[in-house]
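Chain residues, written in single-letter form:
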Amino acid sequence: MNGTAAQATVGIVIVSHSPDIARGTAAMVRQMVQDQVPLAWAGGDCAGGLGTDVTRIVAAIGEAWSERGVALLVDLGGAETSSEMAIELLPEERRARVVICDAPIVEGAIMAAAEASGGADLALVQQAAEEACIP
Amino acid sequence: MADLSTDRMTTWLLEAAADLEQAKAYLTELDAPIGDSDHGVNMARGFAAVRDKLTAAPPADVGTLLKTVAMTLISTVGGASGPLYGTFFLQAAGKAAGKTSLTLAEWTECFEAGLTGLMARGKAQPGEKTMVDALTPALAALKAAAGQPLEQALAAAAAAAEQGMKDTIPMLAHKGRASYLGERSIGHQDPGATSSHLLLRRLAEPAG
Numbered sequence: 001m002n003g004t005a006a007q008a009t010v011g012i013v014i015v016s017h018s019p020d021i022a023r024g025t026a027a028m029v030r031q032m033v034q035d036q037v038p039l040a041w042a043g044g045d046c047a048g049g050l051g052t053d054v055t056r057i058v059a060a061i062g063e064a065w066s067e068r069g070v071a072l073l074v075d076l077g078g079a080e081t082s083s084e085m086a087i088e089l090l091p092e093e094r095r096a097r098v099v100i101c102d103a104p105i106v107e108g109a110i111m112a113a114a115e116a117s118g119g120a121d122l123a124l125v126q127q128a129a130e131e132a133c134i135p
Numbered sequence: 001m002a003d004l005s006t007d008r009m010t011t012w013l014l015e016a017a018a019d020l021e022q023a024k025a026y027l028t029e030l031d032a033p034i035g036d037s038d039h040g041v042n043m044a045r046g047f048a049a050v051r052d053k054l055t056a057a058p059p060a061d062v063g064t065l066l067k068t069v070a071m072t073l074i075s076t077v078g079g080a081s082g083p084l085y086g087t088f089f090l091q092a093a094g095k096a097a098g099k100t101s102l103t104l105a106e107w108t109e110c111f112e113a114g115l116t117g118l119m120a121r122g123k124a125q126p127g128e129k130t131m132v133d134a135l136t137p138a139l140a141a142l143k144a145a146a147g148q149p150l151e152q153a154l155a156a157a158a159a160a161a162e163q164g165m166k167d168t169i170p171m172l173a174h175k176g177r178a179s180y181l182g183e184r185s186i187g188h189q190d191p192g193a194t195s196s197h198l199l200l201r202r203l204a205e206p207a208g
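Going down the list, the sequences are from chains A and B. Going by our numbering, the first sequence opens with residue 1, and the numbers climb by one from there. Going by our numbering, the second sequence opens with residue 1, and the numbers climb by one from there.
Hints are supplied without guarantee of correctness; some may be wrong.
Stated by the list, open to error - If the Cβ cut is set under 7 Å, some of the chain A residues that face chain B in the computed set are: (1) D45; (2) C46; (3) G48; (4) G51; (5) V54; (6) T55; (7) G77; (8) T81; (9) S82; (10) M85.
Said to hold, decoys possible - Listed next, the stretches of chain B that the computed footprint assigns to chain A, with coverage defined by at least 3 CB atoms under 8 Å from CB atoms of chain A: (11) 83 to 96; (12) 173 to 179.
Note that these hints are calculated values from the structure, not bench results. Glycine residues also receive a C-beta, built at the ideal position from the N, C-alpha and C atoms.
Just chain A, with the same shape it has in the complex (with noise of 0.2 Å):
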């Protein structure tokens, strides 16, 4: 789900306990910016029921990486743990440039998408995420 031409932009990686809303959220992503933006998603158990995959969270880290920086939505708790721990696990040099946005998944995911595609960096992309539900 690499944005290939889409490099200069920040990434965004999806972290559900549901596979159904992980992918729906994407689909959601891609329909407001098509290309524009490296995406990714991580839904599910390693087993793929409901649940978190830390080495999954991982690889979609991996597969959405810019050089400016991969912004996470996550849906409960344990998502945010996982996400946690797996961007503890990144090289170094990749752990500063990776950050969970406290905000609802999909309206979080969807103006994190639409404010990276015009080439915010990493804290204007969270920031629009975070606001997304603020009047």
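Got chain A; can you put chain B on it based on the hints?
Showing chain B alone in chain A's frame:
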């Protein structure tokens, strides 16, 4: 037995895998009213993978053993307890690097590093109805038993973990899915504290 040898620690984790397989339904039952009903299945799966790893390639020292357990749990558990227990074992491994056995003082140091890491990972404090509530009194018991025979210290830690586990029943959950239930989380024993107690009990009482 004076020290915790690599063999003893390996046996502990293999026996714990069997315990968790056996406790799968019980842990799930505890998790159902206040969580997402996956703790039993997740822990059994994670420790089955640990058993396979340790059987296929028995680690030569305690540091390698604990690190193997950590990485296996992180990649196979599938719930928040994977990164939580994974971080515990990973931080503990850091204090056991290259050691083929641990004294009580060394194990206490490993345990403290592990618990500190786990609490940071879960952003959890005692009293929030989590595994921290079993592990914190266990660490205190290990420290209080400094200088005593190892087996006595491990038994005291297991007993403290059991009390800590029971003490989670009246607590209001502040972490994880259980926290969404607010007052309704009161009256249920925390599944994470329960699996922590199972682990520490088996370390104190090898099945042999």
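These are the hints, each one checked on the structure:
1. D45: Holds - the Cβ of D45(A) comes within 7 Å of chain B, reaching about 3 Å at its closest.
2. C46: holds (6 Å)
3. G48: violated (10 Å)
4. G51: holds (4 Å)
5. V54: holds (5 Å)
6. T55: holds (5 Å)
7. G77: Hint on G77(A): holds, closest Cβ of chain B at ~5 Å, below 7 Å.
8. T81: This interface hint holds because 4 Å falls under the 7 Å limit.
9. S82: holds (5 Å)
10. M85: holds (4 Å)
11. 83 to 96: Holds: 4 residues of the region 83 to 96 of chain B have a Cβ under 8 Å from chain A.
12. 173 to 179: holds (count 3)
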